[in-house]
Amino acid sequence: MARDRILLVEDDAELSLITCLQLEERGYDVCCVHNGAEAEESIRKDTFELIILDLLLPDQNGIDLCKKIRRQVFYPIVFTSCIGDKKVIINALENGADDYVIKPVEYDELVARIEANIRRNRYYNESEFRKGKIWCRQFMIDKDLHKVWHISEEGEKLAIITLSPTEYKLLVCFAENPGVLILYHELYRYIWQSDDLGDVRTVMVHVSNLRKKIDIGKKGVIDTIRGAGYIFTDR
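Under the numbering used here, the sequence shown is numbered contiguously, ending at residue 1051.
Read the hints as simulated data drawn from the structure, not as lab findings. Hints may contain errors.
FRET-style restraints, in silico, Cβ to Cβ [to be verified]:
1. Val889 / Lys1035: 37 to 45 Å
2. Ser1024 / Pro874: 25 to 33 Å
3. Gly900 / Ala928: 14 to 22 Å
4. Met1020 / Asp828: 17 to 25 Å
Result set (EDC-like, lysine to aspartate or glutamate): computed pairs, CA atoms no more than 16 Å apart in a straight line [to be verified]:
5. Lys1034 / Asp1050
6. Lys919 / Asp901
7. Lys884 / Asp924
8. Lys1028 / Asp1015
9. Lys1028 / Glu910
10. Lys959 / Glu910
11. Lys949 / Glu910
12. Lys883 / Glu856
13. Lys884 / Asp901
14. Lys1035 / Glu931
Glycine residues also receive a C-beta, built at the ideal position from the N, C-alpha and C atoms.
Put together the whole structure using the sequences plus the hints.
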């Protein structure tokens, strides 16, 4: 059975080696690079199931690199960083990251997050999840192509909306359940296939970012029900 391939972007050579060994012991095939240029070259030449991305790289900021990657591929991106500032974490999630792990890394936690993100991404790549188009007032979701377009009032496609895998999955979940209250913990389990353990902030950040991208007309397409969850109202 083929092993899941991971691209590890880490400029600290010793930490990169340790992380690589830890992941390989757990059954992953790891490609290690040490700067943004090497990461971009690897993505052009190879395919991966997930990318682990350091926030601070010698040649460019990890968030800027994340935005570049997100325009090219749909792999889940997990940031690792010694910076635990909430604003930095939110900025990373708002710019295409799917998850964020604070260094020093607990490898059991990192592996759990890797598995959850790969499992989620694989799930909505399966054929039973890809069933045509969903039309809403401001956008159209093409589930066969995994693309989302802004649309005009006449239904003409205007521009592609660039979403991370997590944002895309959230949007499909909302669009397939219009007018239904979806609880925080239900969304967390739907996206990460595990219990939230009280972590609803991650869901809230991704939903906030999704709103900014899809609600161009500021029509309030995703209503927040305080202390409970969300209701999608754009269909």
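Verification of the supplied hints:
Checked against the hint of 37 to 45 Å, the pair Val889 and Lys1035 fails, with Cβ atoms roughly 31 Å apart. The hinted range of 25 to 33 Å is satisfied by Ser1024 and Pro874, whose Cβ atoms lie roughly 31 Å apart. Restraint check, Gly900 to Ala928: a C-beta distance of roughly 18 Å satisfies the suggested window 14 to 22 Å. A beta carbon spacing of about 31 Å between Met1020 and Asp828 contradicts the range 17 to 25 Å that was offered as a hint.
Between the alpha carbons of Lys1034 and Asp1050 the distance comes to roughly 11 Å, so the proposed pair stays at or under 16 Å and holds. Simply put, Lys919 and Asp901 have alpha-carbon atoms about 12 Å apart, close enough for the 16 Å limit, and the pair holds. A hinted pair counts as satisfied when its Cα atoms are at most 16 Å apart, and Lys884 with Asp924 does not qualify at roughly 29 Å. Taking the CA atoms of Lys1028 and Asp1015, the gap is near 22 Å; set against the 16 Å cutoff, the hint is violated.
With a C-alpha separation of about 10 Å, the suggested pair Lys1028 and Glu910 falls inside the 16 Å cut-off, and the hint holds. At most 16 Å may separate the alpha-carbon atoms for a hinted pair to count; Lys959 and Glu910 exceed this at roughly 22 Å. With a C-alpha separation of about 25 Å, the suggested pair Lys949 and Glu910 falls outside the 16 Å cut-off, and the hint is violated. Using a Cα cut-off of 16 Å, the hinted pair Lys883 and Glu856 holds, with the two alpha carbons roughly 12 Å apart.
Distance restraint check for Lys884 and Asp901: the Cα-Cα separation of roughly 23 Å exceeds the 16 Å cut-off, and the hinted pair is therefore not satisfied. Restraint check for Lys1035 and Glu931: the C-alpha separation of about 36 Å exceeds 16 Å, so the hint is violated.
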